[in-house]
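Engineer: Sequence:
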Amino acid sequence: MSLILNGTKPLPLKTTLFQNLPRIMKTLTGLLFLLHGSSPFAQKLVVELYEKQDFVAYRNTSIDSTLMNPDYLSEIDRSKTKYVFDLTEKTSAFFREDEFASILPIAFEKISENQLQVQILQEGLHYGLLINLDPAQESVLWYGFSEFTTTVMKAHQFKLFKCG
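Under this note's numbering, think of the first position of the sequence shown as 18, with each following residue one higher.
No false leads were mixed into what you were given.
Capping the alpha-carbon separation at 25 Å, the derived lysine-lysine pairs in BS3-like fashion look like this:
1) Lys171 - Lys127
2) Lys179 - Lys61
3) Lys179 - Lys97
4) Lys171 - Lys69
5) Lys69 - Lys176
6) Lys176 - Lys97
7) Lys179 - Lys69
8) Lys61 - Lys97
9) Lys107 - Lys97
10) Lys61 - Lys107
11) Lys127 - Lys176
12) Lys107 - Lys171
13) Lys61 - Lys171
14) Lys69 - Lys97
15) Lys179 - Lys107
16) Lys69 - Lys127
17) Lys107 - Lys176
18) Lys179 - Lys127
19) Lys61 - Lys127
20) Lys127 - Lys107
21) Lys176 - Lys61
22) Lys171 - Lys97
Hint data in this document are derived by calculation from the structure and do not stem from the laboratory.
Working from the sequences, and respecting the hints, build out all of it.
Structural biologist: In structure tokens:
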């Protein structure tokens with residue numbers, strides 16, 4: 018006995034699981050790969066910064082305005098800093114020259130398909146990072162707002178790691 022669907026080849030109704038196992042495994046493997054690969058945000062995101070530069074506006078303004086028209090532009094800072102964002106636990110561990118400095122709570126928002134905004138929740142302060150995870154356009158910006166100053170740190174050399 019066989020079953021014909023839309024004029025295609027007949028499918029035998031009496032097949033065993035073992036006869037179809039290679040096809041089932043291939044389908045499951047493909048499905049798992051697609052599901053895992055479709056989310057650019059892993060549970061942990063590590064941002065290592067090697068070269069960064071501060072852009073400062075002595076006014077409360079936007080990130081873009083500060084980058085285009087800074088009142089002060091620092092020298093390039095080559096000290097190594099690292100953030101480890103745990104998106105499940107909603108925490109940020111910060112390291113300076115591989116020395117642990119702090120761990121703080123975070124809130125994060127997926128702004129677009131590959132862009133993540135991480136707000137570091139420290140009482141009385143408003144700062145965080147904008148991270149573009151698109152491999153063709155990876156970028157990292159640290160931002161901080163105060164009543165009379167907007168500071169943006171642009172990363173020139175950095176690495177991003179996504180961990181399961």
